[in-house]
Every structure is written in C-alpha cells, then in structure tokens.
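Colleague: Each chain, letter by letter, is given below.
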Amino acid sequence: MVADTAHPDLDSAGSPSPALQVRAWIARRTEAVAIPLGAVATGFALFSLFLIALGKSPAGFLDLIYRGGFGSPFALQNSLQRAAPLLFAALCVALPARLGLVVIGGEGAIVLGGVAAAAIAPALAGLPPVLGIPAMALCAALAGAAWIGAVGALRAYRGVNETIASLLMSYIAIALSNHLIEGLLRDPSSLNKPSTRAIAEAFRVGPMPGMKVHWGLGFGVLACVAAWVLTERTTLGFAARIAGGNVRAAQIQGLPVGRLIVGFTALGGALAALAGFFEVTAVHGNANASLVAGYGYTGILVAFLARQNPLAIVPVAFLLGGIEASGGLIQRRMQLPDATVLVLEGLLFVLVLMSETLYGRYKVFSPHLWTRTRAAAPVMAVAS
Amino acid sequence: MVPFPQSVREVVPWSAVEPQSVAAEAPPAGALAVETIGMTKRFGSFAALDDVSMKIEAGGFHALLGENGAGKSTFVKCIMGFYAPSAGSVLVGGREVAITNPKGAQSRGLGMVYQHFTLVPSLTGAENLVIARSHVPAVIDWASERVALDAFMGRMPFRLNLDRPVAELAAGEKQKLEIVKQLYLKARFLILDEPTSVLTPAEAAEVLGLLRAMADRGDLTVLMISHKFREVEAFARSVSVLRRGRLAGGGRVGELSRDDMAAMMMGARPVRTVAGRSAMPAPARAVLRIADLKATDASGLRPIAVNDLAVHAGEIVGIAGVSGNGQKELADVLGGQIRATGGSVIVGDQIYGGRRAQSRALKVRFIPEEPLRNACAPRMSVAENLAFRAFDRRGDDPARPPTFWLDTGAMSRRAKDLIARFKVKTASSEAPIATLSGGNVQRVVLARELTDPVDLLVVANPCFGLDFSAVAEIRARIVAARNAGAAVLLISEDLDEILELSDRIVVMSDGRIVYAVPAAEADAQVIGRHMAGHHAPSATA
Numbered sequence: 001m002v003a004d005t006a007h008p009d010l011d012s013a014g015s016p017s018p019a020l021q022v023r024a025w026i027a028r029r030t031e032a033v034a035i036p037l038g039a040v041a042t043g044f045a046l047f048s049l050f051l052i053a054l055g056k057s058p059a060g061f062l063d064l065i066y067r068g069g070f071g072s073p074f075a076l077q078n079s080l081q082r083a084a085p086l087l088f089a090a091l092c093v094a095l096p097a098r099l100g101l102v103v104i105g106g107e108g109a110i111v112l113g114g115v116a117a118a119a120i121a122p123a124l125a126g127l128p129p130v131l132g133i134p135a136m137a138l139c140a141a142l143a144g145a146a147w148i149g150a151v152g153a154l155r156a157y158r159g160v161n162e163t164i165a166s167l168l169m170s171y172i173a174i175a176l177s178n179h180l181i182e183g184l185l186r187d188p189s190s191l192n193k194p195s196t197r198a199i200a201e202a203f204r205v206g207p208m209p210g211m212k213v214h215w216g217l218g219f220g221v222l223a224c225v226a227a228w229v230l231t232e233r234t235t236l237g238f239a240a241r242i243a244g245g246n247v248r249a250a251q252i253q254g255l256p257v258g259r260l261i262v263g264f265t266a267l268g269g270a271l272a273a274l275a276g277f278f279e280v281t282a283v284h285g286n287a288n289a290s291l292v293a294g295y296g297y298t299g300i301l302v303a304f305l306a307r308q309n310p311l312a313i314v315p316v317a318f319l320l321g322g323i324e325a326s327g328g329l330i331q332r333r334m335q336l337p338d339a340t341v342l343v344l345e346g347l348l349f350v351l352v353l354m355s356e357t358l359y360g361r362y363k364v365f366s367p368h369l370w371t372r373t374r375a376a377a378p379v380m381a382v383a384s
Numbered sequence: 001m002v003p004f005p006q007s008v009r010e011v012v013p014w015s016a017v018e019p020q021s022v023a024a025e026a027p028p029a030g031a032l033a034v035e036t037i038g039m040t041k042r043f044g045s046f047a048a049l050d051d052v053s054m055k056i057e058a059g060g061f062h063a064l065l066g067e068n069g070a071g072k073s074t075f076v077k078c079i080m081g082f083y084a085p086s087a088g089s090v091l092v093g094g095r096e097v098a099i100t101n102p103k104g105a106q107s108r109g110l111g112m113v114y115q116h117f118t119l120v121p122s123l124t125g126a127e128n129l130v131i132a133r134s135h136v137p138a139v140i141d142w143a144s145e146r147v148a149l150d151a152f153m154g155r156m157p158f159r160l161n162l163d164r165p166v167a168e169l170a171a172g173e174k175q176k177l178e179i180v181k182q183l184y185l186k187a188r189f190l191i192l193d194e195p196t197s198v199l200t201p202a203e204a205a206e207v208l209g210l211l212r213a214m215a216d217r218g219d220l221t222v223l224m225i226s227h228k229f230r231e232v233e234a235f236a237r238s239v240s241v242l243r244r245g246r247l248a249g250g251g252r253v254g255e256l257s258r259d260d261m262a263a264m265m266m267g268a269r270p271v272r273t274v275a276g277r278s279a280m281p282a283p284a285r286a287v288l289r290i291a292d293l294k295a296t297d298a299s300g301l302r303p304i305a306v307n308d309l310a311v312h313a314g315e316i317v318g319i320a321g322v323s324g325n326g327q328k329e330l331a332d333v334l335g336g337q338i339r340a341t342g343g344s345v346i347v348g349d350q351i352y353g354g355r356r357a358q359s360r361a362l363k364v365r366f367i368p369e370e371p372l373r374n375a376c377a378p379r380m381s382v383a384e385n386l387a388f389r390a391f392d393r394r395g396d397d398p399a400r401p402p403t404f405w406l407d408t409g410a411m412s413r414r415a416k417d418l419i420a421r422f423k424v425k426t427a428s429s430e431a432p433i434a435t436l437s438g439g440n441v442q443r444v445v446l447a448r449e450l451t452d453p454v455d456l457l458v459v460a461n462p463c464f465g466l467d468f469s470a471v472a473e474i475r476a477r478i479v480a481a482r483n484a485g486a487a488v489l490l491i492s493e494d495l496d497e498i499l500e501l502s503d504r505i506v507v508m509s510d511g512r513i514v515y516a517v518p519a520a521e522a523d524a525q526v527i528g529r530h531m532a533g534h535h536a537p538s539a540t541a
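Protein chains in written order, with the working numbering: chain A, 1 to 384; chain B, 1 to 541.
For the record, the hints were derived by calculation from the structure and aren't laboratory data.
Glycine included, C-beta positions come from ideal geometry on N, C-alpha and C.
Errors might be hidden in some of the hints.
Simulated crosslink set (BS3-like; lysine-lysine; CA at most 30 Å straight-line) [claimed, not checked]:
no., chain 1, residue 1, chain 2, residue 2
1, A, Lys-193, A, Lys-212
2, B, Lys-294, B, Lys-423
3, A, Lys-363, B, Lys-186
4, B, Lys-186, B, Lys-77
5, B, Lys-103, B, Lys-55
6, B, Lys-186, B, Lys-294
7, B, Lys-423, A, Lys-363
8, B, Lys-416, A, Lys-363
9, B, Lys-77, B, Lys-55
Covered stretches of chain A (chain B as the covering partner; in silico rule of three or more C-beta atoms under 8 Å from a C-beta of chain B) [unchecked claim]:
no., region
10, 236 to 244
11, 252 to 263
Here are the computed distance ranges between Cβ atoms for each label pair [as the list claims (entries may be wrong)]:
no., chain 1, residue 1, chain 2, residue 2, range
12, B, Trp-142, A, Val-33, 53 to 63 Å
13, B, Gln-350, A, Leu-37, 53 to 63 Å
14, A, Arg-29, B, Ala-138, 50 to 60 Å
Using the sequences and the accompanying hints, generate a full structural model.
Modeller: Rendered as structure tokens:
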C-alpha cells in the first residue's frame, strides 16, 4: 500500500472508488463526442467566412438550415427521408473500418442494389408482397455484397488497395447500371428519362405508421444497432478488431483474416445496396439515373463524423440529412449555387479527418486525471 | 597524437574545415589509409563501442568480425559521421579529421555500401549514378554525362549495363552498382556492411574478387563487415574482431586459424543456468517434427530448407544463428505468415497448418519477436490484448465450436487477474497497450499465452531490447513452461540466451540447420564457427 500511494500511476491492484471510475468513464467518452463536435463547429466557422466573402449572412444561412431541415414537421420528414439511405451508406464504410479498411465505393453498391431490385421485380409478380418484397431486398443485398465483397477479396488475397478498388468498382457499377437502365431493362414508355419498368404497386414499400417517411429509416436504424452489436458484442466483431488493429497479431492467433475481410466488406456492400432497394421501392418506384444521388459519398462523411461507431451514425445521418434537405431552400432564398452545401460538407470532412490527430492530446479527457483522489493529486505533482 | 577535446570537435562546423582539406587532397587518387584512435560511443551509460583503435593501411582489405551487437555497425557509423563518437578520433590519410555527417565523409573519399540497397529502382543505372552526386546541375546534359560515364566505366573492372532500370537488375548487379556508385563518388576507402548477405556465393566471389584486385593495385582500401570466415579468409588481408564493443583481437589472415577467430568472437563464456530447471523425463515424446520443410520469404531472397528438426516435450531447443539466416522465416512458417512450399510440419500426430482451432486443440502458442509490433494491437486496451487467445473459447474443451457472443465482463475480470498475477505495470486494464513499457508488453503477451497448459511454445527473441529484470523474469517463465512439460522452440540471435536456456542447441546458417549439439556438450566457439558459415572443420576455402 505504501508503494501504491507513492505511484498511483502504476497502481493495478487497488482500484479507485466507483464514483471516480464513473468520472473517468465519462471523461473518456466525452473525448469521442467533444472532438468531432469541435471539428463541426470549426467547419461551420470557416464556412461562415466563406459566406461573408460572398456577401451573405452566416446567421441567415444557419436559420435556413434549421428551417429547411428541422424547423417544421415537413422539414423533419424530408430530413429523415434523406437520412435513411445515409444510414446504410455509412455502415458500408464503418463495418470495413473495423478491419482497418477504407472503403469509399458505397455509391456503386447503392445504385447496383436499386437496379437489382428493379430487375428482379417483374419475375416476382405472382408472389404475395410479404414474400416478394424480402426477395427483392435479398436480390439487392446479394448484388451489393458481391460487388464490395469482391473489393475485400482483392484486398485479402491479392493485396489490392481497397480504397482505390472500391472507388473504381463504384464507377463500373454506375456505368453498368446506366447501361442496363437504358438498354435491357428500359421501360419503352420512359422517353425523356430512361427508367426501368415501374414496380407493381403491391411491391412498393410504404411509409412507417404515423409518418410520411418510408420503412428504410426504421430498417436503417435497426441495421445500425445490429452492426453495433456485431462489432462490439460478438466474437466475430472482436476478431475483426484484432485484424484491424494488427494483422500480424491476428495471423499469429490463427484468425481467418482473409475471410473476415471478405465477410465484413460483403456485409457493408449488402447494407449499402439496401439503401438502393428502398430508394427504388419506396421513393422512385423504378430504377433510373436519380439513384446516383451521392448518398454513397455523403455516407463516407457520416461514417467518419461518427468515428465509425454504428450507433453514432444514427444522429449524424439525421444531421447530414437535414443539411442536404435544406439545400433547395438555401438555393432559392440566398441565391447561392446548389454546390454550396457540398462546400460545407467538404469543409466538414477535411476538419473531421484533421481532428483524428487530436485524440489523446488533451489532458482534460484523460481518465487518469479523474481517477486520482484529491489527496493523491499533490503527491503526484511532487513526484512528477 | 592527442585526440581533439570533445567540445572543440563538436563546435567546429565542417564547412569551415572543408575547403582547405579538399584543396589539399586534390586531385584525389589512390587508396586511402584510415585509422581510429580510442574510438568510443556511449548511449546513455551503455558503451556500444569502447576504446577501439584500428589501423587500416592504404590498399588494404580489412575484415571486421563480431557477433550481433558487438559494435561493428556502430564503429563504421562513427567513421562515416552518422554518429558523433563520445571520444576518440579518426585519421584519414594520416591526418586527423572531424567528420560530422556522411557528406563530410564522402567529400574526404570515404564511401559505404549498406546491407540494403539504396538505389532508386525505377531509374537506370546511369541516372542513379548522376543523381547521387552532391552537386547535380538543375538541367542535366545527358550527352556529356554519358561520355563521362563511359570513360569512367572504362576504368572500372565491373561490367554493368547502365541503361537498364535498377528494378530489372539481379541482386549481384545491384550490389555491383552500389559499389560502382561509391567509386563514381570518388570513394577511395570503401566500407561494406555484410556485402554478400543478398548475393549468391558465385556473385559474392566475383564482387569481392574484383574489389580485392582493386585493393591490390592500390586504387582502393576496403573495410568489410562480415560474419563468414570463408569470405574473410578468401578475400581479406587482415582482420579485426570486436566483442561487446571492445577490440578482442586481430591480425593478418593466414596467421590466424578459424579457431583463433572464433575464440576472439565468443570469448570465455560461462554458461549460466536458470534455477529451477527440472530433469528431462527420459523417453520424451516428440511434440514438433519438421521434415524436409522448404519455404521462402516474400522477396524470395532467403530460402530455407530444414530437413529434420524435432522438439520433445519438456525440452527447450535453441536455434542460434546470425540474423538473416532463415530463423525468422522458420518462425513465420510455423506461425502461418509464410506458406511452406514443401515438406511438413507435424505437431503431435497432425500435419500443422496454423489455423486457430488446430493450434487451440494442439495447445500451440507463439511469442513472436517485437511483441508490440507482432503480437498486440497497439491501440486496443490491455484487457482486449489479453483476450486475443481465449475470447472465443467455450469452456476448456477445444473441440467445441467458438462462442458467438463476446463476454466482456469475463474479459475484464480475467484481465485484472492476469495483470495482478504477472505483475503488469499499467495505469488500468483499459489503457491502450501502446502506453506500456516494452517489458510490460512482453508480460502481457506471456500472461496471455502461458496461462493454460502448453504443449508447444515457439518463442522468437523474447528479451530483445528489454531491461535486465524483465529479462530474468521472462526467461524464468519460459523455463517454467518447459518444466511443466511444454516443448519449447527458442529462436534467438542472442547466443547467451540460447546457451542459458536450451537443452539442445541447433545452428542455422544460410537457411539450413548446420549443427546440433546437446547443451551440456556445447562449446560456444564451435557454435560461433558454425554461425559464421564454417561447417566442416576439415574443409578449407
């Protein structure tokens, strides 16, 4: 015990009181929230300078974001509608991130998933909706899983950089989808905007009870919770974290690193494809060029802002969905170009990436500081 | 000659010394003599180099022998200006000089060829030579450079095609180009750091033979770091031996026998034994059997061929060898990071493939070298790192399938128990493992791998870079595992560690097992001779 008081830093046997442990836990968790929030605040501050340079009012801009994204029931529904695909798209980034992979090709999986759902729909015409809709979803998920899973396989077995591969595969997926929509799958009656045949009314996914937002939001939140359970509470998720933390250590432990990589990338691709499935069956009613709406890329921003934590993706996707929903209002009221919101998102992304270097730099977040008792603190000060 | 006082040497900027010394030596031609007087280099309280005085005559071909960590690299780095020596001085051409950086060494005619290639792979040989000069014009006139290069190559004994990209050259050609580069930079004293480790024996003989001829003509002085007696005897004219930072001896090649050199390298070495070593049960079963194993590392440069190696229960087999002779590749094959191209590894009665279920069923554990780099995830917590082996285990029966749900409560309790039992010093079980000291990281790995019964333990350089007390404790734990009946394969570059811990000692050289001896009959000098590539006592180079 004498040694313990002299070196509280090295104390391992005598643990601090529960109250102090709670404080330490809060301090550690606060860091994970405070630093991204700080990055977002800095991003808005820099964007304000950009607006002032254009002669526009930052306060007016924030007000419009609030009114366009969150201020009315209509605005809220609009934001949630946009948040739904972002949830799935962000999971396509966050799940491979557990293995230390940066996958940015979710856009391709979304588009491919949407086209796959639209393509299979006519074949399922005779089925009752309760079977037909899940069958469409499964078909979309398989297409996305194969696409992003292939990126994982290239990484695991051929050492191909997954970031570049997923981006290029995304371009191929979009080109392939356009080819199918304008050729094989085209509805001859869609003249100005090539589309696939409309999905039968019975197979359309409706709104959730009491809302105008479709079921994609509910399933998206569910997918985030399930992804969190998978990564944090199962041995598969833990194995993936070991492989992401140090692939050599995982190999020495005999973990199937290749299969983990393929499995997690395929799961991410399947989820992203579900976003396309919901866009087709709940929003557009058929697959067309509107599927390429950039949800896959905004999803990357969501995942990084959420620090790849599946639960944190939910509020972040809502926030980003709101910012995107207010784009039209901002364009009309402030006479700013459509790309203004993209500038804001780009700024936020750069700042979030920069903020990654700040973790562990601030003493106020150190659990150490908070587990020390008042009596021990002066001793420490002398000792150090 | 009185050495410069340290403080004066440190404050004289070499640029101030530079012009007149270059002017005095111009035009540079012919071999340079280099001498060191009382060269000492301390890192903290540790003397990596202690009062080494060595004279290498102009036109000499001098070999520097010694074990890993004997101070050979430190010595040449002090000459080349990478390190500022703590004391002592360097004489170049009989004149004392202050060399404070590698450029200063280059301008005085000293050059060094490193163990690893320093050429730009995508550029041609000619481009590599020209850009290596210290003053390259902003716009290079390639036509006139080519004329100058052709004239230069005409004076060189080495035949090289300078128009091919370096990436397309064989290892021997790259090595020649490295040497030619130094000569092109007007090196008249050339240091070679284990020049033949990347070459085939035929390439090595050609390169060293050409250099020896240049030295005999008086064009060049060569100082070669080597581990191989055969090369030293075939090409060097004189030799110095370092041991633990001190000059252990030396002389003219031909007057020294291989036994003399081995004795200088190894010194008198009392074999310390760890207390508590129990006697081996007489007819122990073989736990690990390696037969006709063939494999190669990713670069394909270091093939290994292990014909027959067995480790029995209750026995520590130590694999000794100079770094880079296939021990790492052997460990990687066993650990599943390299796939064998032939032969078999049998653990118990099964062909071993390194899968998790199999290593769990057979109770195989690995403790790789550099634990933070190879056995831990640095940003994960101590508790998580402690759970790597058993997080998915269902009960004690290895045949049952792994669990699906992660029991974080059990992980945390187990972590606290192991931290207390293995005396790991950490702020908490939730601290990232990268915040721990090297000895404590190794304690975490030992706690993880040695808590349940072990049948086969593969350990590589377990004490590298650790302090004295951690070393004693970690070695005691390895011996305790052996006493409990584990078969232990200990791969170490530290011969003292091998001698202290092993029941049987095996020497690897050039990817093969070249010598095996029971520890009780082991003679450090015989082992040292085999490590240096001299296997048959009667054979002569």
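Colleague: Work down the list of hints and note, for each, if the structure agrees.
Modeller: Each hint, compared with the structure:
1. Pair hint Lys-193 (chain A) plus Lys-212 (chain A) holds up; C-alpha atoms about 26 Å apart against a cutoff of 30 Å.
2. A distance of roughly 41 Å separates the Cα atoms of Lys-294 (chain B) and Lys-423 (chain B); the hinted pair therefore is violated under the 30 Å criterion.
3. Using a Cα cut-off of 30 Å, the hinted pair Lys-363 (chain A) and Lys-186 (chain B) is violated, with the two alpha carbons roughly 54 Å apart.
4. Our distance criterion of 30 Å between C-alpha atoms is met by Lys-186 (chain B) and Lys-77 (chain B), whose separation comes to about 19 Å.
5. Restraint check: the Cα-Cα separation between Lys-103 (chain B) and Lys-55 (chain B) comes to about 22 Å, which is no more than 30 Å; the hinted pair holds.
6. A threshold of 30 Å between alpha carbons decides the hint, and for Lys-186 (chain B) with Lys-294 (chain B) the separation of about 43 Å lies outside it, so the pair is violated.
7. With a C-alpha separation of about 27 Å, the suggested pair Lys-423 (chain B) and Lys-363 (chain A) falls inside the 30 Å cut-off, and the hint holds.
8. Restraint check for Lys-416 (chain B) and Lys-363 (chain A): satisfied, since their Cα atoms lie roughly 25 Å apart, inside the 30 Å limit.
9. Between Lys-77 (chain B) and Lys-55 (chain B) the CA atoms are separated by roughly 16 Å; this keeps the pair inside 30 Å, and the hint holds.
10. Counting residues of the region 236 to 244 of chain A whose CB falls under 8 Å from any CB of chain B gives 7; the rule of at least 3 is met.
11. Here's how the region 252 to 263 of chain A fares: 5 of its residues keep a CB closer than 8 Å to some CB of chain B, so the rule of at least three is met and the hint holds.
12. Checked against the hint of 53 to 63 Å, the C-beta distance between Trp-142 (chain B) and Val-33 (chain A) comes to roughly 59 Å, which is consistent with it.
13. A hinted range of 53 to 63 Å holds for the C-beta pair Gln-350 (chain B) and Leu-37 (chain A), which are about 55 Å apart.
14. Between Arg-29 (chain A) and Ala-138 (chain B) the beta carbon distance is about 55 Å. The supplied range of 50 to 60 Å therefore holds.
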